[in-house]
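Heads up: the sequence lines are chains A and B, in that order.
My numbering numbers the first residue of the first sequence as 1 and each following residue consecutively.
My numbering numbers the first residue of the second sequence as 180 and each following residue consecutively.
The hints are simulated quantities; they were obtained by calculation from the structure and are not laboratory data.
Keep in mind that the hints are not guaranteed to be accurate.
[Unchecked claim] Derived contacts from chain A toward chain B, CB cut-off under 8 Å, selection only: (1) Ser15; (2) Gly16; (3) Ile105.
[Said to hold, decoys possible] Result set (EDC-like, lysine to aspartate or glutamate): computed pairs, CA atoms no more than 16 Å apart in a straight line: (4) A:Lys43 <-> B:Glu230; (5) B:Lys237 <-> A:Asp70; (6) B:Lys300 <-> B:Glu342; (7) A:Lys153 <-> B:Glu185; (8) A:Lys48 <-> B:Glu230.
Just so you know, these numbers come straight off a predicted model, no measurement behind them.
Think of the CB as a built atom: it goes at the ideal place given N, C-alpha and C, for glycine as much as any other residue.
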Amino acid sequence: MQGGLQRLLELFEHSGPSLYTLLMRLVLREDVAEELMQELFVKLANFKGLDKVKNLAAYAHRTAVNLAFDWRKARDKDPCRLDDAPEPVSGFISPLGKLSLNEEIEDVLCAISQLRGASREAFVMRYIQQQPYEYIAGEMGKTPHQVRALCFKALMHIRYLLSDKELRYSKKGGHNAEN
Amino acid sequence: MPRINEQEILRRLELISQIEPSPEAIALAMERVRRVLVNMPGKEETSNPIEIWRTILKTRMLRFAAAAIITIFILLPLSYGAVKIIKTYFFEEKPVCIGGYTVVTKMSLSGEYADEDQAKKVYDEINRLKEAGKYEKTLVKEWVENGIVFQLYKVRYTLASGEVITVNEGSGQAVNDTNDADTNRPEDEE
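Input sequences plus hints: build the corresponding full structure.
Below, the structure written as structure tokens:
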């Protein structure tokens with residue numbers, strides 16, 4: 001276990017900022033990103049099979065993405081849980097406040113949350129983290145060609161979901177009709 | 180046909196990818212997590228059964244698998260065993276007349292009988308004892324219904340093997356019937 005924890009601490013020092021940035025991009029809130037970052041590392045530290053994980057960075061990345069989209073789903077189900085929102089330690093007024101209100105970005109993130117498994121993982125690495133296909137392929141244990149195919153399919157699916165949503169809005173007679 | 184074009188989605192994705200938290204926010208978040216990690220208690224090596232069940236119940240597939248395993252390995256053998264141990268055989272009694280009605284009753288024998296032949300032997304022995312009057316009869320209940328007086332008895336037969344079998348038997352007699360139409364109605368073995 002000590003070896004696993006040591007690896008985790010190394011990962012934290014090395015990849016902590018990038019994981020925090022990733023969480024921030026997916027949830028668009030600093031306080032939530034901070035909370036999820038803590039949850040992520042607590043989860044990893046409590047994971048019994050940590051010693052057996054070969055690529056800890058990729059595993060942590062995948063867990064972070066899942067945590068972020070789980071949070072989004074929970075929020076969509078129960079959007080009025082304001083009391084549950086944790087007080088951010090940083091206490092900064094988020095410069096992303098305006099951005100989080102940007103419905104276009106929210107729509108895209110909601111659509112990404114409907115993707116599943118490897119498709120979502122590859123898509124997030126490619127388009128949210130702007131990683132090259134070769135790097136993603138190495139992290140996921142696939143070929144760059146396979147990753148390209150995954151990303152393309154995911155993009156088409158997102159396009160379909162967003163178009164469907166816009167179509168529904170227009171049928172209801174306005175962008176805010178559904179809200 | 181999708182109305183939104185690919186370029187528009189890529190533009191939005193680029194916007195998201197340009198989001199960068201402030202260095203102060205990163206530093207504070209890192210400090211918070213570092214504090215938690217350093218102060219974490221040592222992990223217990225023993226597996227907690229509650230945690231295992233929590234993990235199983237979280238996933239739908241595992242839930243079904245657990246239910247299937249419980250059914251196959253516990254419930255089915257139990258029900259099969261119960262059926263195997265307690266078997267019930269029915270034997271038709273001679274028709275009798277109660278208050279002008281012909282009544283056909285059946286006697287049921289429940290117990291650990293290997294097959295119907297074994298149960299039949301016990302039934303025949305009970306009948307022999309009944310004809311010889313070798314039994315102990317106790318009145319349990321008496322009531323009147325539709326002009327017929329019913330009596331419920333517990334009758335104990337001691338078989339040649341020493342086994343004692345208790346049978347519920349009933350008899351009926353029309354209130355105005357002077358012919359004493361009487362019958363034994365074996366009901367059940369206890």
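Comparing the hints with the structure gives:
| no. | hint | verdict |
| --- | --- | --- |
| 1 | Ser15 | violated, 11 Å |
| 2 | Gly16 | holds, 5 Å |
| 3 | Ile105 | holds, 6 Å |
| 4 | A:Lys43 <-> B:Glu230 | holds, 14 Å |
| 5 | B:Lys237 <-> A:Asp70 | holds, 14 Å |
| 6 | B:Lys300 <-> B:Glu342 | holds, 13 Å |
| 7 | A:Lys153 <-> B:Glu185 | holds, 12 Å |
| 8 | A:Lys48 <-> B:Glu230 | holds, 12 Å |
The structure fails to meet hint 1 from the earlier list, while all remaining hints are met.
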